Amino acid sequence: MKRMLTALSFALGVGVAGAQQGILQLPLINDPIMNPLIAPELGSILVNKVIFPGLVRPNEDLQPVPDLARSWTITNGGLVYTFTLRDDVRWHDGRPFTADDVVFTFNTARDPKSGSRLASDFSSIKSVEARGRNTVRFVLSRPFAPFLILLGHNAGILPKHLLEGKDLNSATAFNRQTPVGTGPFKVSRVVPGASVTLVANRDYYGGAPKLAGITFKVVPDLNTQVAQLRSGGLDWVTLEPSNLPSVQGAQNVTIKQADAIQHYLVFFNLKNPLFTSATVRRAMQYAVNRRAIIDGILKGYADYPTGTIPTALRTYYDKSIKPITYDPAQARRLLAQAGWRPNAQGVLVNAKGEPFKFTLIVDKGNATREQAALAVQQDLKKVGMDVTLQTLEFATLVRDYLIPGKYDANLIWWTTPPDPDQYSFYGTGQDNNEASWSNPRADSLLKRGRETVDVAARKNIYNAYQRLTMQDPPVLVLYYPKELQAISRRLIGVPDLGIRDALRYTERFDLR
Amino acid sequence: MLSPGYVARRVLHALVVLAVVAVVTFFIVRLAPGGPSLLADPALRDAERAAIEARLGLGDPLPVQFLKFVGNAVRGDFGQSFLFGTPTLQVIGSRLGNTLILAGAALTLTLLVAVPLGTLCGLRPHSWLDRLVSVVSVVVLAVPVFWLGLMLIIALAVLRPVLPAGGMHTTGMEGNVPDLLRHLLLPAVVLASASIAELLRYTRSSVRSAARLDHVRTARAKGLPQHAVNRRHVLKNALIPVVTVIGLQLPRLVGGAAVTETIFAWPGMGRLSVEAALGRDYPLILGVTLVVALAVVLFNLLVDLLYPLIDPRVRMEA
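Those protein sequence lines, which keep their order, are chains C and H. Following this note's numbering, the numbering of the first sequence begins with 148 at its first residue and continues without gaps. Following this note's numbering, the numbering of the second sequence begins with 336 at its first residue and continues without gaps.
Treat the hints with caution; some may be incorrect.
With a Cα cut of at most 27 Å, we get these calculated BS3-like pairs of lysine-lysine [stated by the list, open to error]:
#1 H/Lys403 to C/Lys313
#2 C/Lys528 to C/Lys469
#3 C/Lys418 to C/Lys504
#4 C/Lys260 to H/Lys557
#5 C/Lys606 to C/Lys553
#6 C/Lys466 to C/Lys606
Keep in mind that the hints were calculated from the coordinates and are not lab data. Computed from a prediction, not measured in an experiment: that's the story for all the values here.
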């Protein structure tokens, strides 16, 4: 057998071509759209982080530090942001980068008709103007504390000289083949369905990158990604906890966990009278064994939740809040208080004898979420709720159930920028508040939180909000997941961040 | 020879089939739940969602959308792919060649392995070779394609790295034929596996039945040597149904390579069809379906046209 394999490899040009010198290989699941304003999914966002720097980028504490901007001042009570730009930046095509590019990018980004997916992130901008070649002034219509964080999140700067007057979505050559940014790597070749090859940008303003290049390879299947990681065809794969056993024995791979700014939760549709009482929602926090979900399904790679602000937001997360632990007896007591008592069959019924009956939906195909939904269903059954589990394909779940509000309960997750502002998710009547939660005190805290620029004052506001959501939970938060990274031991110089933020520092990466 | 009327009838037939496929696909995918994945981000605000819908032309009533589609289609315009932002035919064009390479390799493997082996088994039923082949082919048919693919990747790319774990080229070596062949081997074997097993069983039974025909017995009785009997009478007769089966395998190789292409990260049509379906990329789903339907129709036509050439009895009817 061994001889046969040797003969085979010889016949086919001897062995797998060893990883090319200094080329980092990362996976994508499909072809990216290389334009930060319209990138629809994570893969595209990751590629864009390398090609298109923003004015600022997040440091290891997720706070904004200078990138294309050298410095900035905030005046008029948080309404005016003035950025001084670097004067040594060139686009990948050699043209100089100027304040006009920044003005063009944000005027386009905040116009929903342009096809921008960042319109709501920047709806607070009243005007943006160039004051000379290297100065940009933003005037906001209201103080908006997350502004700087959002500038460092997905808002890569686009070249005005190539895109002005064009419909963003129709600029196919730019978006798919020849994007031009200012980042440490520039696209040299795109093979549709196969790979995007980037080479080091020797003129990068932050100094020459250490790597010779980065190849994003399209590998749609996660199992194949893991196989390629083990065989040296990829250097960095983010995993689901269920994939862990397949990499744990590998010599060339190390497992790292990073904070993900996400909270996984069950939405309850508060238009359904079953869930309107805060006591019922509090009862569910006692009824669901979240520790068991974290330890069993997520193999421990998640933090136990207290409210909707994840632990990853270290500056704002209040550690002193005591988590609600699994206590089905307490859940039953609270449910009894809210008028739900078990009947002879053990099913909870109200005074009219109506059962506590609802359907929990979850998206199909992700083992972690499906198992978590099953655990939630089983735990709620134990306290007498009659819960039916329904799995739906994700697009169907969102389009036909979540957005029209046609659901009882729904297991889903939010990925937020590294800022505690959750007004659009939990503010009364806001677009992303699909649960229709409404609490006047929360509204006032969330509004004040996004308008307060002072960090210490903001911290107090969000601590108060976090406490409030323990009493009147808008949703049932299940866990704050960790991003599980399987990384080749050859790769060094990666900052301690999740992959999307770490890719803002690719000029520091190296392969030994 | 074939009459022009026969050919014209077959071509008209093909056009009708394609039109029906287009209509059915159009309405089925639009009526399916969900919607374009560009809209499936729960964090999108209403204004952003409305802008995307307007851009994709999803605001019109379904019949209007259909009429627009027909109007454009007759002019050869199958619309812009939602996911790629480029004309559908261009996206398909960039992937079709890759699939034909994979399907061609799989077909070659199938023919090289299945026909000779099936013939041998058919001529020597119940021999040790026949028994072994029959067990192996049943196992191969029973094993899911993705499992077989992953096992081969683990065996030959991870544990003993002789072949690449996926992709079509080593990056930077596009156009290098030996490199392409190395990448081609595993997916072609996996894609061919089920076809080999199926065609092999079919060839075997076809050869067996042909061997029992009266005129074969007569030839043998007249003292013709066994190899001459096999060549002149058995194989010639056995070949006809085998050609039909090959004709039926072809569209499956072109259109049904989705799992293989996904596992091996092969940038072909199969994977494109999965991407299109998951992304609810209506124009692309339609385009891919039509191309695969065209392949089915063409291969059937080809088989129909080949038939009279290998079987004189069919020539009479045609």
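Against the structure, the hints:
A threshold of 27 Å between alpha carbons decides the hint, and for H/Lys403 with C/Lys313 the separation of about 25 Å falls inside it, so the pair holds. Restraint check for C/Lys528 and C/Lys469: satisfied, since their Cα atoms lie roughly 26 Å apart, inside the 27 Å limit. For the proposed pair C/Lys418 and C/Lys504, the alpha carbon gap of about 15 Å is at most 27 Å, so the pair holds. Straight-line distance between C-alpha atoms of C/Lys260 and H/Lys557 comes to about 85 Å, which puts the hinted pair past the 27 Å bound.
Under the criterion of a C-alpha separation no larger than 27 Å, the hint pairing C/Lys606 with C/Lys553 is inconsistent with the structure, at around 36 Å. Under the criterion of a C-alpha separation no larger than 27 Å, the hint pairing C/Lys466 with C/Lys606 is consistent with the structure, at around 12 Å.
Of the hints listed earlier, those the structure fails to meet are numbers 4 and 5, in rising order.
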